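Residue numbers (the working numbering), protein chains in the order written: chain A, 1 to 114; chain B, 1001 to 1113.
Read the hints as simulated data drawn from the structure, not as lab findings.
Heads up, some of the hints might be wrong.
Anything over 12 Å on all C-beta distances counts as not near chain B; from chain A, calculated [to be verified]:
(1) Val19
(2) Leu61
(3) Ser79
(4) Gly96
(5) Val114
A partial selection of chain B residues facing chain A, derived with a Cβ cut-off under 10 Å [to be verified]:
(6) Gln1038
(7) Leu1044
(8) Phe1089
(9) Leu1101
(10) Gly1104
(11) Gly1106
Not everything, but these chain A residues come out facing chain B in the computed CB check (under 7 Å) [said to hold, decoys possible]:
(12) Gly42
(13) Gln48
(14) Ala56
(15) Ser94
(16) Thr101
(17) Phe105
(18) Gly106
(19) Gln107
(20) Gly108
No experiment lies behind these values; they were computed from the predicted model shown.
Every residue gets a Cβ at the ideal spot worked out from N, C-alpha and C, and that includes glycine.
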Amino acid sequence: DSGVTQTPKHLITATGQRVTLRCSPRSGDLSVYWYQQSLDQGLQFLIQYYNGEERAKGNILERFSAQQFPDLHSELNLSSLELGDSALYFCASSPGTGKNTEAFFGQGTRLTVV
Amino acid sequence: GDSVTQMEGPVTLSEEAFLTINCTYTATGYPSLFWYVQYPGEGLQLLLKATKADDKGSNKGFEATYRKETTSFHLEKGSVQVSDSAVYFCALSAKNAGNMLTFGGGTRLMVKP
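Next comes chain B alone, as it looks inside the complex (with noise of 0.2 Å):
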């Protein structure tokens, strides 16, 4: 079945330090990819968005890169800040699913000052 996997956290950083969050997956057909953030206490949200190979979704200084080849859609950010500490989640969306969401285990960020 499909599959995501992203690496385990958590990542700490110091603000303005660069992020990757690297995600990859397995689905049969072309699914469609996301990126969710969780801040603490709250539900998820959107980050970020890519529904088909080369697309680049970008949000808030957060992009990722739909790479059909090597199967992967990393998380990146040039500059964090400490209100980007959360759990961030790589989630994918088959075509002969619904709209189901299967995420990843999450990653959870923190950053210092």
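Looking at chain A on its own, in the form it has when it is part of the complex (with noise of 0.2 Å):
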């Protein structure tokens, strides 16, 4: 057990809905990341959160956003579904931003889009 948890694991939904996916990071830990893990795209670093800020961003569409809120867990918001964002959405989290830093990763939300 990672210390991370996600929530729910699995989520059914139509295209053009809009989901949220909640992560909490292991206890005292401030960074969370969101990946997303495609069979076509691999795994691919989405956003980095650091104490309630935006940290860093990868190739997250402007469909999806987050935040993390003042007790540090995390919302992955994913609006306007459609059938290629069907993927397994991991969260991780660190004690900080080092580059040595490990990050923990949870189980992951598996996402389809039907």
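Could you fit the two chains together into a complex? Lean on the hints.
Pasting the structure below:
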């Protein structure tokens, strides 16, 4: 158990809908990262938050947004969903932002858009 | 930008065989290098890491050495077990990118008894 909790584990929704994925980081970790794992794109970094502030942005679509709340949990919002958004979405957390710092991953949310 | 290339799988081995999964990287500066493992239905777990040139990371019988001259971080294990069957990801973290990880495409390892 990594200590990172993601909910829900599975989500099935229709095209055009909006969903929210939730992540609770390990106790004490200030950084939260979101990654998307799909068959065609592999594992891609989406966005990072550190102590409530956006720190880095990767290949995140404009239809996607995220935030980190004062209690450090994070939510990833996906809107106007398309079939191609079907993927496994991982959240990871780490204590800080140094490049040597290990990131701990949750078990992921599997999103299926039908 | 930064990138990681690892050998495509699947790699199929018999139990007790020697394992090598190749990984090379492109990055500015001096990244940290990682191997993560993903067991079926689970998230990624850190297997080992190395933070500077010539460092050797090791864990659970797996080893990888940070080779700056060849920009490589190959994963090795002397004797694989069926329980090692999983997908292995090589990744790097660059100083100027917070702690975001850039992953390779993953290599599926299947170990047969």
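(message) Restraint: Gln48(A) near chain B, CB-CB cut 7 Å. Satisfied or not?
(response) Because about 6 Å separates Gln48(A) from the closest Cβ in chain B, which is inside the 7 Å limit, the hint holds.
(message) For the restraint on Phe1089(B), tell me whether the closest CB of chain A is nearer than 10 Å.
(response) holds, 7 Å
(message) Given a cut of 10 Å on the nearest C-beta pair, is the interface hint for Leu1044(B) held or broken against chain A?
(response) holds, 4 Å
(message) Does Val114(A) clear chain B by more than 12 Å, comparing its Cβ with all Cβ atoms of that chain?
(response) Val114(A) is indeed farther than 12 Å from all Cβ atoms of chain B, at 21 Å.
(request) Return the status of the interface hint for Gly1104(B): holds when the least beta-carbon distance to chain A is below 10 Å, violated otherwise. (result) holds, 8 Å
(request) Return the status of the interface hint for Gln107(A): holds when the least beta-carbon distance to chain B is below 7 Å, violated otherwise. (result) Check passed: Cβ of Gln107(A) comes within 4 Å of chain B, closer than 7 Å.
(message) Just want to verify: Ser79(A) was marked as not at the interface with chain B; is every Cβ pair farther apart than 12 Å?
(response) holds, 23 Å
(message) Under 10 Å is the threshold here; is the Cβ of Gly1106(B) close enough to any Cβ of chain A for the hint to stand?
(response) Check passed: Cβ of Gly1106(B) comes within 7 Å of chain A, closer than 10 Å.
(request) For the hint on Gly106(A), just tell me whether its beta-carbon gets within less than 7 Å of chain B. (result) holds, 5 Å
(message) Is the claim that Gly96(A) lies outside the interface with chain B correct, judged by CB distances over 12 Å?
(response) violated, 7 Å
(request) Classify the label on Leu61(A) as holds or violated, using whether its beta-carbon is more than 12 Å from each beta-carbon of chain B. (result) Leu61(A) is indeed farther than 12 Å from all Cβ atoms of chain B, at 17 Å.
(request) Under 7 Å, Cβ to Cβ, is where Gly108(A) needs to be relative to chain B, so tell me if that hint holds or is violated. (result) holds, 6 Å
The structure shown violates just one earlier hint, number 4.
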